[in-house]
Each structure stands twice: as C-alpha cells, then as structure tokens.
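Engineer: Sequence:
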Amino acid sequence: MSLNIISANHLRTGLNVYFIQDEAGNRWDTDYTKASIYDPEKISEAFDQAQQDMGNNIVVDCVIVPVDKNHVPLTTRERIRSTGPSSKYGHAVSQ
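If you're matching positions, the sequence shown starts at 183 in this note's numbering and goes up one per residue.
Because the hints were derived from the structure by calculation, they are not lab data. Hints may contain errors.
[Said to hold, decoys possible] Derived EDC-like pairs: lysine to aspartate or glutamate, alpha-carbon spacing no greater than 16 Å straight-line:
| id | residue 1 | residue 2 |
| --- | --- | --- |
| 1 | Lys216 | Asp230 |
| 2 | Lys251 | Asp221 |
| 3 | Lys224 | Asp204 |
| 4 | Lys216 | Asp204 |
What you are looking at is a predicted structure, and each value in this text was computed from that prediction instead of being measured.
Model the full assembly from the supplied sequences, consistent with the hints where possible.
Structural biologist: And the structure:
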C-alpha cells in the first residue's frame, strides 16, 4: 500500500510546508515528520482540503508526496526538499 503526505510552499516565506490534519484542524508545518500520512483511500479528500489553502493564498503548489511509514519521501526531489535548500539563500546566508 502506498502512503502519502501533502507538501506545498508557504506563499509568504517560500518555505516547504507539510499538511497536518488533527484535532486542532488543518494546518501547515515546515517539519515533514509532523505531516499527516494518508493511504490511497483518504488522500483525495485531504488533498482537496489542502488545496483550499491555495485559494486562500496561504500556500502554493500543493503536491501529493509518496512516503514510507517513517515519513521519508520516496523520490529524490522530495527528499531534498524535505531537508531544506541545498544552498543558503536569504536569511540563511548569515547563519
């Protein structure tokens, strides 16, 4: 069975964010290990809810990301995105 999380970019900061659904409601976090994991039967409904935040100008470019049971993305692209930029930019340059 394939497992998935939902990823996007925060509109104001450009940071990679991951969709969380819990008792507090729907939200986004930069930590991919906190992302809600969906099986194929549930991903469509969750993706529709995540896309509502695109319409509300909170995030852009929502995508479904296949992951293993430990939240680790299965594609190279998403593994790189989940660990942050491969080079420093913006505020990170001074760190």
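Engineer: Given the hint that Lys216 pairs with Asp204, test it: the Cα-Cα distance must not exceed 16 Å.
Structural biologist: With Cα atoms ~11 Å apart, Lys216 and Asp204 stay inside 16 Å; holds.
Engineer: Assess, step by step, whether the Cα of Lys251 is no farther than 16 Å from the Cα of Asp221, and give holds or violated.
Structural biologist: Distance of about 11 Å is within 16 Å: holds.
Engineer: Is Lys216 close enough to Asp230, meaning Cα to Cα at most 16 Å?
Structural biologist: violated, 19 Å
Engineer: Tell me if the straight-line CA distance from Lys224 to Asp204 falls inside 16 Å.
Structural biologist: holds, 14 Å
Of the numbered hints given earlier, the model fails hint 1 alone.
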